[in-house]
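Turn these sequences into a full structure, and let the hints steer you where they fit.
Letter by letter, the chains look like this.
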Amino acid sequence: MDFGLSNEHQMVQRMVRDFAAKEVLPTIQEQDRVGGMAPFVIPRMAELGILGITIPVKYGGQGMDYISLGLVSEELEFVDTSLRVVISVHNGLTCLTILQWGTEDQKKKYLVPLAKGEKVGCGAFTEPGAGSDFAHIQSTGKKNGQEYILNGEKMWISLATIADFAVVTVRTDQEPDKAYQGLSTFLVDLDSPGVTRGDIHGKLGVRAGSTGWINFQDVRVPAKNLLGEEGEGFKVTMSAFDSGRYTVAAGATGLIRAALDASKSYAEERNAFGGKISDFQLIQAKIAHMALDYQAARLLYLKAGWLKNQGIRNTRETSAAKWYATDASFRAAAEAVQIHGAYGFSDEYPVERFMRNAKGAMIYEGSNEIQSLIQADYALDKRRDKKIRRELPQYDHQTWT
Amino acid sequence: MTKKILAYIDHFHGKAQSSSWEALGLAAVIAKDLGGEAAALVLGEGVNALAESAFHYGADQVLLADNPVLKEFRPEPLADMIAQAAKEYQPDLILFPTTSRGRTLAGMAAVDLDTGVMVDVIALDWTGGEITATRPIYAGKLMAKLTCSTTPQIITLRTRAFDKPEPDTSRSGSITYLDVGVDTDAVATAISSLQEKGGGVSLSDASVIVSGGRGVALNPSLEPPGDLDEEAADIWKAEQGFALVQGLADVLGAAVGASRAAVDAKYIEYEHQVGQTGKVVSPDLYIACGVSGAIQHLAGMRSSKVIVAINKDPDAPIFNFARFGLVGDMHAILPPLTEALKEYLAG
Amino acid sequence: MKIIVCVKQVPDTAATMTVDNGAISWGDAPLIINPWDEFAVEAALNLAADQGGEVIALCLGKEGETEAIKHALAMGADSAVMVSDPALKGADNVAASKVLAAAIQKIGDAGMVLFGQQSVDTDTGLLPVQVARLLKWPSLTLVSKFESVNPGDGKIQVLRSMEEASQVVDSDLPAVVSVTKDYGEPRYPSFMGIRKASKAEFPIWSLADLGIDPPSSTIGWPEVSEPVQKDVVTEIIEGDTPEEKAKSLVEKLIAEKVL
Chain G
1 MDFGLSNEHQ MVQRMVRDFA AKEVLPTIQE QDRVGGMAPF VIPRMAELGI LGITIPVKYG
61 GQGMDYISLG LVSEELEFVD TSLRVVISVH NGLTCLTILQ WGTEDQKKKY LVPLAKGEKV
121 GCGAFTEPGA GSDFAHIQST GKKNGQEYIL NGEKMWISLA TIADFAVVTV RTDQEPDKAY
181 QGLSTFLVDL DSPGVTRGDI HGKLGVRAGS TGWINFQDVR VPAKNLLGEE GEGFKVTMSA
241 FDSGRYTVAA GATGLIRAAL DASKSYAEER NAFGGKISDF QLIQAKIAHM ALDYQAARLL
301 YLKAGWLKNQ GIRNTRETSA AKWYATDASF RAAAEAVQIH GAYGFSDEYP VERFMRNAKG
361 AMIYEGSNEI QSLIQADYAL DKRRDKKIRR ELPQYDHQTW T
Chain Z
1 MTKKILAYID HFHGKAQSSS WEALGLAAVI AKDLGGEAAA LVLGEGVNAL AESAFHYGAD
61 QVLLADNPVL KEFRPEPLAD MIAQAAKEYQ PDLILFPTTS RGRTLAGMAA VDLDTGVMVD
121 VIALDWTGGE ITATRPIYAG KLMAKLTCST TPQIITLRTR AFDKPEPDTS RSGSITYLDV
181 GVDTDAVATA ISSLQEKGGG VSLSDASVIV SGGRGVALNP SLEPPGDLDE EAADIWKAEQ
241 GFALVQGLAD VLGAAVGASR AAVDAKYIEY EHQVGQTGKV VSPDLYIACG VSGAIQHLAG
301 MRSSKVIVAI NKDPDAPIFN FARFGLVGDM HAILPPLTEA LKEYLAG
Chain E
1 MKIIVCVKQV PDTAATMTVD NGAISWGDAP LIINPWDEFA VEAALNLAAD QGGEVIALCL
61 GKEGETEAIK HALAMGADSA VMVSDPALKG ADNVAASKVL AAAIQKIGDA GMVLFGQQSV
121 DTDTGLLPVQ VARLLKWPSL TLVSKFESVN PGDGKIQVLR SMEEASQVVD SDLPAVVSVT
181 KDYGEPRYPS FMGIRKASKA EFPIWSLADL GIDPPSSTIG WPEVSEPVQK DVVTEIIEGD
241 TPEEKAKSLV EKLIAEKVL
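Residue numbers (this note's numbering), protein chains in the order written: chain G, 1 to 401; chain Z, 1 to 347; chain E, 1 to 259.
These are calculated hints, taken from the structure and not from any lab test.
Be a bit skeptical, because a hint or two may be false.
Stated by the list, open to error - For lysine-lysine, the following PhoX-like pairs were computed, each having C-alpha atoms within a straight-line distance of at most 25 Å: (1) K235(G) to K387(G); (2) K178(G) to K235(G); (3) K230(E) to K257(E); (4) K109(G) to K58(G); (5) K164(Z) to K305(Z); (6) K32(Z) to K257(E); (7) K257(E) to K15(Z); (8) K116(G) to K58(G); (9) K181(E) to K141(Z); (10) K264(G) to K359(G); (11) K141(Z) to K257(E); (12) K145(Z) to K257(E); (13) K155(E) to K71(Z); (14) K2(E) to K199(E); (15) K145(Z) to K62(E); (16) K89(E) to K141(Z); (17) K116(G) to K196(E); (18) K305(Z) to K264(G); (19) K252(E) to K164(Z); (20) K252(E) to K342(Z); (21) K145(Z) to K89(E); (22) K264(G) to K276(G); (23) K279(Z) to K145(E); (24) K178(G) to K143(G); (25) K87(Z) to K136(E); (26) K312(Z) to K247(E); (27) K141(Z) to K264(G); (28) K15(Z) to K197(Z); (29) K305(Z) to K230(E); (30) K62(E) to K89(E).
This is the structure in structure tokens:
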């Protein structure tokens, strides 16, 4: 069992780390204060191929594997969560979902420009009245000849006002046997008539990002934009979460590392009671927990990434990685604030931003309460993953590059 | 026994780098200690004045080549002359200042004279004529002691690591003129023009930095023009404050730095930012004015040799890291400080 | 035009350096390409693109330590050569320069050899100068700009930085150039480049392959140590007036020899 990162992975890690440190870090504190995504970020990530990193070259991507996607997420969130959110919704919820469920035509039309970074994608699933209870979403899609008419509102959608396309799940069968059976997922061009969107302000965290709402008012979507079959929307959405959730897990791991590094730096500089506070056991205990959590979170997401590479179903592992890493990142960030004392309470230091950012990840991409229910179901043998009609493609160096 | 020490006088159009005199000063000290002689090597065009200065700074002898082919810096003809001078004079030790040119010429001399070169040396031991050089490696994270098994020993000295001697204008000595056999056409390079270096010292290279923090805008006795809104008034006050910082920097030939807070408040451009997310600097002298000393800032200037902090707040964290602290209003302290330094440096 | 870029491997600049039993140690910090060399690789790639040519990365190092070469390849270098030989352990700058010069001659037909300005470990900046001297090629140090390159005529014009001014230097080719950070930001390795580089194969030449005996080194390192950490003793300058404090500070600074 080789727990080391390959040479290729190390180079990917270094490249993204350098990019984020050189080009984003210098202004991120300011950007967070001002709010909103800095205009250069997404085009620059597109230019560097980051927006298509885990998509086969023949679909316009860079042909790297799923572990690379995790490493990219970790390195981006080390600088700020808003960067990793782009990966989660564009690469994860959108690109990988199309890779998994799309027809060749859909891949040509949507995946290629997305992977090249010419277009930006987002996932529109959550609604004002339904998050965890996804089966009971209210948005509808009514079949009308060769089209579906979409109505409803999606909320808390990252990149809502920036994206060109969205993966949207709505209720297409108003009287299914079971609630989760009546859903369908569509690829929607957000420039379509009837689509309105806006930004959400006043968030606790991820302020340097873009979060918004999308309203569909009689939006006409071609039937050929169905992702998967009618009625498969729940499965498609859960697949999307397996992809997005993985990047959240990896990203939160990066946040733990950021909190750890900041705490180490500060503790080695700060003097009190005649010594450096890094010499005091209570501070050391906090740092030890962060370091341990980093090790654990890292192993969890890398294993999930490895399983994705092998084409092995990994809903359980990805959920576990997300749950662990996000809980741990909030703990780490909060302790980092504590270690910084009064300075932690000020935006002169990054740790308060880490803490505010970390909280979001405990809520989105499947709240941690949902993750714990998922884990209980697996642990108690109440849940076995059945094969789904379309699995996330295994990484294949030959065909992907 | 080390008897003859040759110091290369690095200059630009006849104006010596002051580290050349540090090298000559050291040569003289070693020569005195070991009972030898210190010589200066002056190459260029119109450099007789340098020869005179060399005597003032401790040379017993000057080896001089004055020739148009040596006017502009080109490594090849200069290196040829150095090799020639070394073969004639047979020094035991050749000292170069570690300037852009000194480093190059020392490297070539080592090849020409079949010996080694020790670069960027900060301390030298010559007990019993055996030389051991100490130099920093890995950006100063480690120290190495070096020796060389052949002669001449060639060493480049770090700037300001050795004292510049007091010039003694009564001293003089003999000049040996070197034959310049180098043919201008044989040199593969030609200098077609010179460009002035852009104004302002680069932060990363500066040996002295004066920085302003948020306190730069907090001058209680300043009244901004009435027509400015709050943010513009704040920036106006900061500009006045940074003018004081610049004034001090000008006198010291220093670069101007700033804390994150000052940059975020738009008092100064980001390129001046020192700190974790700005530039990391390690000047010999860092004067922080109205800078609280947040950890991020400290991360950028911690390894400065001497830190001076000027801040109204006696509890500012920077006072824990400064070598010298002045508790007081920077707006009141900078003008007299600038004056006092101006006087000292002129005299 | 064939452009050779010399690259070196160094410990990550953030590494904590220690001395363990007399030997330099960087713990488990990774090895990286010498950051200064990235600028040289960038320059080489741009020149090759402008002039039509190939970029060959040349590295003198320990077999298996391939990070520098791989980074250069990932940035876009066309091929690489490694020179490695146990006899080169402890080689000083002159010895290393002799080996590089021999390798450059074995590669043959180079129009230009580029180096980074210096390396972050031993920081001497001597190799570009010494290699030039050994090859008897012009040494164009501290170049921040390539004003014009004319391989057909064998001419080049560069901007060289010195402390007081910059020189516009006309030179013959081939030449050995060292590139400064002012040249411009080096590109990141592309993902395609990273993939190619991680699979790349390149020859490893020993001294026998170069046809030279181990060059002798004259520089010895009798001791390496960690610098003594002195705690800063803060002195608050007293004075009744700002003028007094200012004067007192000046005196202290003179005594500290920082003026």
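Consistency of the hints with the structure:
1. K235(G) to K387(G): Distance of about 11 Å is within 25 Å: holds.
2. K178(G) to K235(G): Judged against 25 Å, a Cα distance of about 13 Å means the pair holds.
3. K230(E) to K257(E): Measuring from Cα to Cα gives roughly 17 Å; hence the hint holds.
4. K109(G) to K58(G): Judged against 25 Å, a Cα distance of about 13 Å means the pair holds.
5. K164(Z) to K305(Z): Roughly 18 Å separates the two Cα atoms, so the pair holds.
6. K32(Z) to K257(E): 23 Å, holds
7. K257(E) to K15(Z): Status holds; Cα separation ~23 Å.
8. K116(G) to K58(G): 11 Å, holds
9. K181(E) to K141(Z): 22 Å, holds
10. K264(G) to K359(G): 22 Å, holds
11. K141(Z) to K257(E): 22 Å, holds
12. K145(Z) to K257(E): Answer holds: K145(Z) to K257(E) is near 24 Å, not above 25 Å.
13. K155(E) to K71(Z): Between K155(E) and K71(Z) the Cα gap is close to 22 Å, so the pair holds against 25 Å.
14. K2(E) to K199(E): It holds: about 23 Å lies between the C-alpha atoms, which stays within 25 Å.
15. K145(Z) to K62(E): 23 Å, holds
16. K89(E) to K141(Z): Holds, because 22 Å separates the two Cα atoms, which is no more than 25 Å.
17. K116(G) to K196(E): OK: K116(G) and K196(E) at ~20 Å, within 25 Å.
18. K305(Z) to K264(G): 23 Å, holds
19. K252(E) to K164(Z): 18 Å, holds
20. K252(E) to K342(Z): 15 Å, holds
21. K145(Z) to K89(E): Given pair K145(Z), K89(E) holds - Cα atoms ~18 Å apart, limit 25 Å.
22. K264(G) to K276(G): With a Cα-Cα distance of about 11 Å, the restraint between K264(G) and K276(G) holds, given a limit of 25 Å.
23. K279(Z) to K145(E): 23 Å, holds
24. K178(G) to K143(G): 20 Å, holds
25. K87(Z) to K136(E): 20 Å, holds
26. K312(Z) to K247(E): 18 Å, holds
27. K141(Z) to K264(G): Within the cut-off at roughly 19 Å; holds.
28. K15(Z) to K197(Z): 16 Å, holds
29. K305(Z) to K230(E): The given pair, whose Cα atoms are some 11 Å apart, holds under the 25 Å limit.
30. K62(E) to K89(E): Given pair K62(E), K89(E) holds - Cα atoms ~9 Å apart, limit 25 Å.
In this structure, every one of the numbered hints holds.
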